[in-house]
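J.: Here are the chains, one letter per residue:
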Amino acid sequence: MEAIIFYILAAILLIGTLCAITARQAVRAIVYLVVSFFALALMFYLLGAPLIAAFEVIIYAGAIMVLFLFVIMMLELESPEKLPKPRLSDWWPALALVVVVVGALAVLLLSHVRAVPPGFTDIPVRQFAYTLFKQYGVAVEIVSMQLLFALVGALYLGRRK
Amino acid sequence: MSVPLSHILIVASLMFAMGLGCVVAWRANVIMMLIGIEIMLNAVMLTFVGGSAHWGIADGQLFSLMLMALTSAEVSLALAMVVYLHRRKQTVNTDRFDSMKG
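Line by line, the protein sequences are chains P and C. The numbers in the first sequence follow this note's numbering, run straight up by one, and end at 161. The numbers in the second sequence follow this note's numbering, run straight up by one, and end at 1102.
Take the hints with a grain of salt, since some may be wrong.
[To be verified] Simulated coverage check for chain C against chain P, where a stretch passes if three residues somewhere in it have a Cβ under 8 Å from a Cβ of chain P:
| no. | region |
| --- | --- |
| 1 | 1031-1042 |
| 2 | 1077-1088 |
| 3 | 1095-1101 |
[Stated by the list, open to error] What the simulated footprint calls covered on chain P by chain C, stretch by stretch (three residues with Cβ under 8 Å from a Cβ of chain C suffice, anywhere in the stretch; the number is not a length):
| no. | region |
| --- | --- |
| 4 | 20-27 |
| 5 | 54-65 |
Source of the hints: derived by calculation from the structure; they are not laboratory data. Here a beta-carbon is modelled for each residue, glycine too, at the ideal position from N, C-alpha and C.
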C-alpha cells in the first residue's frame, strides 16, 4: 500500500517538475513547483522523516516559493512575452545533459551491483534532535551565523540610494 | 515501506537532471535559473533522506535540514540581487547584464 502511494507521489513529483521547467511564465512554474514540493514532502513522510516533511511544506512551499512569487509580482515584468523564451536550439544542450544522466543511470541499473535489501527504518524525532544538538551543535551555530550574514547582505543590496 | 533504495535514487536523479536542464535551457532568465537550482537542491535532499531512512541514521535528515537553511539564505540573497539588477537595467534578461563598472 505504501509502495503504491510512493510511486503515485513519484509520478506527481516528476510530472510537476517537468511542467514547471517547460512553463511559459515564471508564475506558472512556481505554482507547478509548489505542487511537486508537496508531493516531495509526502515522500519524506513515507520515508520516516516527519520533521523534514513539515519543514519542506513550511519553509520550501510556504516561504521560499512565496518569496519567488513576491519578487516576480513586485518587479512588474511588464510584457512577459518580451522575455526571451528558450528556443529549440537552447533545449539541445539541456537534453544532451539529461540523456547523459539517464544513460549513466541505465548503465548503473543494468550492471549487476550488489542488491541492497529493501526496507526502511523510522527515525524518531528524539534521535534526530539528539544528533542535531549533541553531535552537530557547531553546525547549528554556523548556519545561524550564515543566516545573519544573508540578512545583512539582502538589506545592503535592497537599500535605496 | 517496501520500496528499494534504488528507486528513490532513480527518482532523485531524474529530478536532478530536470533541474540541470532547466538551468541550461533557461539561461537567459535569472528567475528560471534560480528555480532550476531549487529543483536540483530538492533532488539532493531526497537522496539524503532516502539514505538516512535506509541506514537508520539521523545524519542524512540532519543534513537536509542544513541544506534547507542554506537554501533559504541563498534564495534571499539571490532574489535581493535580482531586485537590484532589475532596478538598474529594468530587465531580468542575463544578456543585458554585459558591462562592468569599475
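J.: Please go over all the hints and tell whether each is borne out by the structure.
T.: Going down the list of hints, with the structure as the test:
1. 1031-1042: holds (count 8)
2. 1077-1088: holds (count 8)
3. 1095-1101: violated (count 1)
4. 20-27: holds (count 3)
5. 54-65: holds (count 6)
Checked against the numbered hints above, the structure breaks only hint 3 and satisfies the rest.
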